[in-house]
Structures are given as C-alpha cells and as structure tokens.
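> Each chain, letter by letter, is given below.
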Amino acid sequence: MKKTTTLVLLIATSFLLSACEKKSAEEVNLYSARKEALMAPLLEAFTAETGISVNIISGKADALLTRIESEGINSPADVLLTTDAGRLHRAKSAGIFSTLNSSLLSSTIPSQYRDSDDQWVGLSLRARPIMLTPASTQMEITRYQDLVDPSLEGQICVRSSGNIYNQSLIAASIEALGEAETENWAKGLVANFARKPQGGDRDQIRAAAAGQCSIVIANTYYLANMLADKDKTDDFQAASKMTVVWPNQEDRGTHVNVSGAGILKTAKNSANALKLIEFLASDTAQKMYAELNYEFPVKDGIELHPILKSWGEFKADSVELSKLGENNAAAVQLMDRAGWK
Amino acid sequence: MIRSFRWEFTSGLIASIVLLPLLTLGWLSLQSNQALWSHLASTVLGDYILSSLALMLGVAVLSLLLGIGSAYLVTQYEFRCVRFFYWALLLPLAMPAYITAYSYTGLLDVAGPIQSHIRDTFSLSYGDYWFPEIRSLGGAIFVLSFVLYPYVFLMARSSFMEQSQHLRDVAQLLGYSRTKAFFRINLPIARPAIIAGLSLALMETLADFGAVSYFGVNSFTTGIFRTWYGLDNVEGAAQLALLLLGFVVVLLALETSSRKRAAYHDKKTSAPAQRITLSGTKQLIAIGLVSLPLLLGFVIPSAQLVIWAAENASDFLEPAFWQLLWNTVMLAGITAVVALSLAILVAYAHRLNQSRFTKFAKRIVGLGYAIPGIVIAVGTLIPLAYFDNSLDAWMRSNAGFSTGLLISGTLLALVIAYLVRFLAVALNSVESGLDSVRLNMDQAARSLGLSPIKVLKQIHLPLMRSSLFTGLLIVFVDVMKELPATLVLKPFNFNTLAVRAYELASDERLADAALPSIAIVLAGLIPVIVLSRLSRSSKHTS
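Sequences listed follow chains A and B, in order.
With the working numbering, you'll find the first sequence wraps up at 341, consecutive numbering, no jumps.
With the working numbering, you'll find the second sequence wraps up at 542, consecutive numbering, no jumps.
Hints should not be assumed to be uniformly reliable.
[As the list claims (entries may be wrong)] Distance windows between CB atoms, simulated:
| no. | chain 1 | residue 1 | chain 2 | residue 2 | range |
| --- | --- | --- | --- | --- | --- |
| 1 | B | Thr43 | A | Leu304 | 40 to 46 Å |
| 2 | A | Gln237 | B | Leu50 | 52 to 58 Å |
| 3 | A | Met139 | B | Trp322 | 32 to 38 Å |
| 4 | A | Val8 | B | Lys282 | 43 to 49 Å |
| 5 | A | Asn184 | B | Ala320 | 36 to 42 Å |
| 6 | B | Ala253 | A | Thr233 | 53 to 59 Å |
[To be verified] Interface residues of chain B toward chain A, partial, derived using beta-carbon atoms under 8 Å:
| no. | residue |
| --- | --- |
| 7 | Thr43 |
| 8 | Gly46 |
| 9 | Val110 |
| 10 | Gln115 |
| 11 | His117 |
| 12 | Tyr129 |
| 13 | Pro132 |
| 14 | Asn218 |
| 15 | Arg226 |
| 16 | Tyr229 |
| 17 | Val378 |
| 18 | Ile407 |
| 19 | Gly409 |
| 20 | Val488 |
These are calculated hints, taken from the structure and not from any lab test.
Don't be surprised by glycine CBs; every beta carbon is placed ideally from N, CA and C.
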C-alpha cells in the first residue's frame, strides 16, 4: 500500500513538473488567439526553416492579454498573435508591445495593415461581405446600407453581436457613417432578421441554404472552408448555393479585418520573435494562410487560392484598423441599444 | 485548545484557496462604473437576470423529475436490466453540456438531417411546418437538464439505497400506500441529499457558458463575457460576477436551511429495503421511464458524435491524441484526489469544532462551484502572478537572483483554479457522507481514546466510502470537461481533450470535434463504471 502510494505520488509530481518550461537553445514563446491546429503547420514550417522551436499557448485574445499584463516583467511570452485588429489595438493601448524594427515588414506589408507606430502588423486578411442565395431576388444589393430596406424583412441571418467580427463591422461603420447613422442602420438590420442571432458564420450559411433566410453576413473563409471540403456533402451543397456580393465597391469598400501579431516589451527572445513574424509575412507563409484557412494574403503578389479567385477582386475598406479597436466598446453598446442580441 | 486551533487553521487555509479569487473579484469591483451600469440596466441587464432565473427554474424542475424518478425506480424495484440502469443512468454525467448542445443542434437545427428530411419528404420549405427551435431558452433547459440530472440521481440513489427495510415496515404499519410512503417518508429523508445534488446542478447551470451562448440565450454568464471582451471592462465583468455570486449565496442559504430542518439519521439497524418485483406492463413502463433520460441525455447525443467521428475516420488517432488523453486524465485524477482530501479536512474540522469560523470556511469553499470558470481563471491568475512577481522582486533585491514565475503558467496554477471551482463538489459529497454518521459514534470512539485523526481514518472514512467515491467521480469528470479556466491558465504546449474539442467546435467544425468529444465521454465513462462497481461491492461487504 505504501509503495503504491509513493509510486502514484511520484508519477503525479513528475506530471505536474513535466509541463515546466524546457529550456532549449533557440526558442520563441507564442501566445496565440489563433487556434493551435491552424497555427501548427505554419510553426512547423518556421522551425524547419530556422531551427527555432516555438512554444505555444492558445486561447482567447482578451484572456491572453490579461495573462500577459498580470505576469508583468516575468511574462514568458515573446509574441502575441490575435485574430482581429481590435485586440491588437487593445494590446497596444495596454502598453505591452514594443516597436517592430523591420525594414522587411514595413516594405512588404501595405501601411494600411500595419500599426501607425509599428507596434503590430497584420498577417492575414479576413473579409466580411454579404452572401446571397438564389431566393433573394427582392432587390439588388450592393451596399451594407441596402440591407435595411423594409422589403427584406425576415430575410437576414447573422450571428450574435457578442461576436468580434460583428463588433468590428459596426466599429468600422461608426468611423464611416458616425454613431447615429450606424445605430439607425443596426436597428433596420435587426428589423430584417430572419431569426434571433445564433450559431456561428457557417450556421448562417446553412440556415440560408435550408431556406430560413436568403441574405447572410459572414466571413469569406467560412464559406471557402465549406466549399473546399467536398466530403461533407451537406455543407458543400449549402455553400454552393451562395453568391458573394462585395458591398460598397463604389464608396468605402468591403469591411475587412486582419489577424496579426506584435512583440512584447518584456520578450526574452525578441530576435527570434521578429524572425517568426517575418516568416509569417513571407511568401511561403502567406500562401499557407490561404491553403490552411482560405484567408486573403495581406500583401500583393501572392497567388490566390482558386476558391478565393472565383469571387473576383474587391475593394477593401481602407479605414485605419486601430479604429476598430477604439470604437469596439461603442459598437457593443450600440448593438445593445439596437436590440441585436 | 491548541488542537482545535490547528483544525481551524487548516480549514481557514483551505478556504483561502477559494477566498483568494473572490477577494480579487471584490478588489476588481471596487471601481465605480456608473456609466456601464446605467447602460446595462437600460438595455440588457433585465434580459440577463430573467434568462438566468428561467433557466434555473426550468432545469430545477426537469432535473428533479428525472433524477428522483429514476433513482427511486432503480433502488426500490426489481425489473429487467435494473442493474444496468442503476449505473447507466449516470452516463450523461460524462457528456459536457456544450458537447450535448452541439450534437442536438446538428441534429435538430433548421439545416440538420431531421428538418431537411421533413422538407424533402413532404416537399415543404422552411416556415411551412412547425418544429421546435433547439437554439432557444427551452432548448438550453432541455440540454442542461438531461446533462445535469445525474447529480440529483446520484445523491437520491445513495440516499434511497441507505433507507432500510424498517422504514418500509413502518409505512406499512401506518397503512400508507406506496405513493404516500414515498412522499411522506422516502422523499423527506432523501431531501437533504437531493437538494445537495440539485444545488450542484443549479450552480453548474448558472456558471454554464458553452451551451447557453451556443443557443443564443442571454444569461448572466454571457453578460460577463460580453462586458469583459466586448466592452473591454474587466471591472464591470467582475461586478456582474459578484452579482451572480449573490444568486448563489441565496441558493446555498436555502440548501443549508433545508438541511437544518431535515437532519435525519437512519439507524441502519435493519437490512436494506427489499426490492419490489415488477412484471408485465408495469415492468415495461418502468424500463421505458428509466430509458428516457439515458436515451436523451447520452445515447442520442453520443450516437451523433460517433456518426460524425466515423465520417472523419481519416484523422483517427494521431499520436498527439494520446498525449491529450494522458494530460486530461492525469489532471483530473490529481485534482480529484486533492479536492477530496481537502474537502474531508474542511468538513471534519467543522464537525470537530462546530465553531463559527469553521462554518464560515465551509461556506466559502461551497461558493466556488457557481463562479463561471473564466472568472475563477482570472481571479486565480492575478493573485498568483502578483505573488510570483513580488517574490521575484524581493529575491532580486535581497538575494541577488531572480525566481521568475514560480506558480503562474504551471500545472499547479491550473490545479489551484480547478480546486477553487470543484472543492464545493467534493465538499458536498463529503458532507452528505459525514452527516449520515451519527455524532455519538464520534463520542464513543473518542471516549475509547482515539485521536480525532484516528477516528476519521478508522470510523468515518470507511463509513463514508460510497459518498467519497461519488465525490471523486464527480470532480474527476468535472475536471475532464472543464474548459474556460483551462483555456486561460494552461502552460505552454499543453492541451486537454476539452480544449481541443472546443477549438474545433467553436470553429463550427462539429464533425472534427467529435473525436476528442468521444474521448472525453469515454474517459469519463471509466470512472463512472469503476466507481459504481466499487460502491456496490463496498455495500456488500459492509
């Protein structure tokens, strides 16, 4: 009995200690809001190219940010990677980022997708256009503003206002139209909802294909993922019914967001951290972003995936991305007032 | 005197594990937030409160019906497969609520197979027919009840099992019908246990985020997330969390007062009650009744998972999967044992001392379960990092070297967060076990010269064995399913099955999430089966 107890204690202790940091010669520590499964192939390619191993903690951006802030100067994190510009801005405001001194980044990534003080850089582009089924024939839709037309009552599916992509959409709109007009727009949109917001972006596409609505606001990579996986016949067929409409091509452009990263002030491996970010901005990695998750590259000259190409070129909203972060709280309150659940 | 102080000190120390995040929460809430509150009050606060109340009420009614009904049937009657149902009714406990929610959504959603089939067969289009909306308050009540009723079932089952034959003899002497005996004798005696189980179910309901947010129900927890993430207002989120805690304090006060009014000790002098044999239609009805919670809470959702997993047979069992399984089981095992040990100390300290202080310690420990995992995570993260950094700064200036982060970012931090949340579960089981041992046993043993620790070891622990197993089981399974705290606190390159399943599901890749989900369920099954066997054999030997 005593022996068993000792053995069990030994195993338990060694397990608890096993996850302690292993010091290897060249490494970089990544806090990632992007799911580990999506990052893994990119990180493996990085390690293969540079010999630097990457330790990763994945989680929600705000939780990671809180973790970095409370860990303070002893934080092991070198790089924070998020899936939206709003959180990058939040991290910058919290004063945790250092300046990225990289001529490579500033020469290849368009300034529109970089922080004005070079504290963070966008690494992949995510567009949030309008998608239609053949059933949506009431009127021609070319702008986000068109979605509030009373003839579209009960036609629109979009996920909850708790989602960051909707918050960013509204934040961008506040910048373009002002708060009052955006609130009117949100109210009109809510009035046209086919159902109480629920599920994720793919669920909206599925519901539209099933006939519950005919107009969807969703990120393109969800649609592309459904189109790419032909084994899942239901999803493939649902996605095949959708047409992508790039809204506001005559004026401000279609809403886009970036996933991106910055290096922490307290980073212990800042040279390796910069290497990692530069790798993620390289042509190889930019292509992988499209192959892994069907996102648009942040820089020009990268061959687009055929699915993305099939939707045609589009003009992206050129709003300064840090505004998405600055207006985020206002956007959430606005959606609360508009009754967007 | 010194000895009693030692017990008080121990229980205070353990309570401080739970108190620490609560104090952090309080400290975060200190800032006044008038603008936020007037915004919330004029827009969504009412919705949060009403939804949470409706959710609790619905889950309470449904899980009581399911839990008590099935526990009574499997303990008092003899019918085909009753031994199977005796433990199988626990199976839904292995299903995380959010995973059951995913399965049912996949099945019943507008784009799911059932509705698609209806449309194809009758060539209807959406809106031409009525179909219940799974993503609704009703859907959330349904899913949570069928996942959480086992808490009531477990407690009610062991209480009904412990009720001896002489109770039934008394009922017969009084000329009570079976129904009357149930309501006048069996149920009142089981009430403290049932309410303990119910309060766990309700606390879990209040803290649930996964299922509720997936169904688009604006509960309190959704509001906490929204205030923190969306409004970037940690203080406001902490204040909402404290308000939620207020709910729980009321709930727990109700539980304790019901326990106080109903302190029954069965003398256990007679044999366990004889089962009544059912046959014919009655047997079929009984089987039908106990099959229902099993089917809806376990068989149907896991069948959906298996179908999804089979569709994705290509990515079956990569080596990383075994690492995930190992991580998850080890964490759950360690936490379960530690939680149980600490809970025993807290409960026993109060039994020995009966002082205000030990009572207070017990109350504090009982609170953790209702705090949403994410709130606990932040409440643990901040003080631990503060401790690490202060120690580091002190060492740097006084000893000339840096200790860095000692606890933060290690598995120990994760285990501490789990303890904050799940000590309450362990304590609940320990207490219900301890309550059933009469105090004069302690006195007799002490008068024979045994020390309190020896009394605990030689008298209480053996007598409480089945309650302790129950506690171990629940904590183990709960940790396996735990998600939000793990997400925030996990160390580098470390994942659990729940995190993997969640990452895939939150990307709406339900089918890909099926495999880790099944693994959680399977790994959760092992303790369910082992422990129900153990508790049965301990019944035979005692």
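> Checking against the hints above, which ones are violated?
2, 3, 5, 8, 11, 12, 13, 18
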